[in-house]
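> Listed here are the chains, written in short residue letters.
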Amino acid sequence: MEIAAGLAGLLSVLMSCVVGLRLVLLSRRTRQAPEMLIGLDLILVGAGWNALIAVGRQATGLPDDVRATLVCAGGLCAVAGMACLMVFIWRTFRPERAGALVALALSVAFASLFAAQSFAPGWLAFATDERGPWTNASLFTSFNYAWASFESMRHASMLSRRVRLGLADAVVADRVRLFATLMATGTVASWIFAGFQASGVAVGGTTIGLSLGGTVCLFSVALLWLAFMPPASYLESVRRRALVEA
Amino acid sequence: MAESKAFDFVCSELERRTSMTRLEARGTVRIALKDAGLAADSVRGPEMQVVLQRVMPKELTARGVAASEDICRAIGAAMTGVREDAAAETPEAIFGRLAGAR
Chain A
852 MEIAAGLAGL LSVLMSCVVG LRLVLLSRRT RQAPEMLIGL DLILVGAGWN ALIAVGRQAT
912 GLPDDVRATL VCAGGLCAVA GMACLMVFIW RTFRPERAGA LVALALSVAF ASLFAAQSFA
972 PGWLAFATDE RGPWTNASLF TSFNYAWASF ESMRHASMLS RRVRLGLADA VVADRVRLFA
1032 TLMATGTVAS WIFAGFQASG VAVGGTTIGL SLGGTVCLFS VALLWLAFMP PASYLESVRR
1092 RALVEA
Chain V
3 MAESKAFDFV CSELERRTSM TRLEARGTVR IALKDAGLAA DSVRGPEMQV VLQRVMPKEL
63 TARGVAASED ICRAIGAAMT GVREDAAAET PEAIFGRLAG AR
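Protein chains in written order, with the numbering used here: chain A, 852 to 1097; chain V, 3 to 104.
No wet-lab data here; the hints were simulated from the structure.
All residues carry an ideal CB built from backbone N, CA and C; glycine is no exception.
It is possible that part of the hints are untrue.
[To be verified] Covered stretches of chain V (in silico footprint by chain A; criterion: 3 or more residues with CB under 8 Å from a CB of chain A, positions within the stretch not fixed):
#: 1; stretch: 34 to 41
#: 2; stretch: 51 to 62
#: 3; stretch: 93 to 100
Just chain V, same shape as in the assembly (with noise of 0.2 Å):
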């Protein structure tokens, strides 16, 4: 299944940024978004910017980046620009109208 532009954003990102190799980026995203409930397919730009912010910054130092914070810092700035295709219906959406029945 494809992944979605904010993952192939931010992996493209790291791997510019970083000494990483496309793999290693690839990786480490899919482990903190894997630590975050996120799925590389389906992850948003919003969920993505949450991630940067609260679980990248650890993945990162934990691989020896050095300014981790930084980095996620400026990914996050950079993908305010970065346009989604539109999304399928998740499954919090159709749980979130199951209880609404009266």
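Here chain A stands alone, though its shape is the one from the complex (with noise of 0.2 Å):
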């Protein structure tokens, strides 16, 4: 179990890098912020975040001070692309005052988590034995999925009703919903890690935890596979369903 869940982890933090990466490179050719925010999202928070802490807390040979500093440095990947995630779906999908607050009110209630692990106990606590604030990361990470995905589905159900008049593209369409599937995994993830986690479940490096995880990654590898680098084939499919449908 161990070994599976490991090499899912890894193909989604390998995933998370390419597709990130050539979102980056997207957005030096274009010159437009939200291919970029959306890239960082993937590498700080798929690969950064998801390889830092796994490391700094199952890696018990390591030195203190470098498993102390390494889920830091992972909680503050965390942070920093949690933050780019609600920008992007402010400026996205709801580019008025009130979705720039809630962007920013969830960027700052999460990156007050961080604030509070560093003050005290400190990160060797959490590296060590799981203890501090940022066992709520699940929990508050799930609202700003909650939101991403609240958005996303919506426009995405929006989209799908102008396909069937002829006004929106269907590979764009399937896009959104994908990238909504996406949130709303990494929504349904979170509650239930948190769920275990507020009943003292053990979740790091547990069977259950590992399955969980294990299956989390695989999907979301399929659905980011599948959005942002889909292959001719899966695009002519949805091509073709649009034609039946429309």
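With the hints as a guide, dock the two chains, each given alone in a separate frame, to form the complex.
Take a look at the structure:
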């Protein structure tokens, strides 16, 4: 189980890195912020946070200060990446004052967890015993993902109606739907992890944590692949389906 | 949030050409837009033309408006002169670019 979950996690980190880097490079060509924001989110959260926290928590042979530095860097990646995601959602789906306020509030709330853990009991406590305010990170990210899910699902639903009238491209509508599913996956996974942690069930490195984490990782990899690096055959099937439904 | 010029134009034309009140006209157009997956604050002329052709007639008929197709056709023809504000970047445009990375 450990090996399978580890491979799924590694695949997820690699996929997040590849897609994130492609999007950052795209933003250099287009000089547009949205692709930069979502690319940084994938690199920082999908790759940085997951990999650094996993190594910092699991590599018990490393010196304590190295483990504390790794999980602290992972936390920093999470805060920065989530802020990028929130700004992306605000600018893409709700570019108005209310959207800006929600994005700011969720980003500040999550950053306050990082500050609280840094203040006391410090990152070594999290690296060794998973103690401190950062244990609520899953709960806090669930709020971020819930907002991202709500906005993207709402838009995906609008786009599917537009596709039927020939007012939107079926491939783009499908990409928004896949992105919304990715955000919903993040929401549900965060809720489940937060629920386990709240009821005292350990998830870090346990069978239940590894199997859940591995499943989420594999599902996310599939969604990232289809949304951002879709094979031609998949795009063709999306177009065919749209023609049938029109 | 302010509604688009296309939305305001169609509502006022509907009010003028039928016995609908301002509130009824705006509500009917909003329902038609929702059915088409569009929003009053961002709908543009070409999209509104499709709504007038394919969605609005049945909404007007359902509200007892006679000759709904003729009314929609007339509003669509009159709408060609409506000048629109510059549009903000849409989610479709953003997501349309996101798989273009190489």
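> Determine for every hint whether it applies to the structure shown.
How the hints compare with the structure:
| no. | hint | verdict |
| --- | --- | --- |
| 1 | 34 to 41 | holds (count 5) |
| 2 | 51 to 62 | holds (count 4) |
| 3 | 93 to 100 | holds (count 7) |
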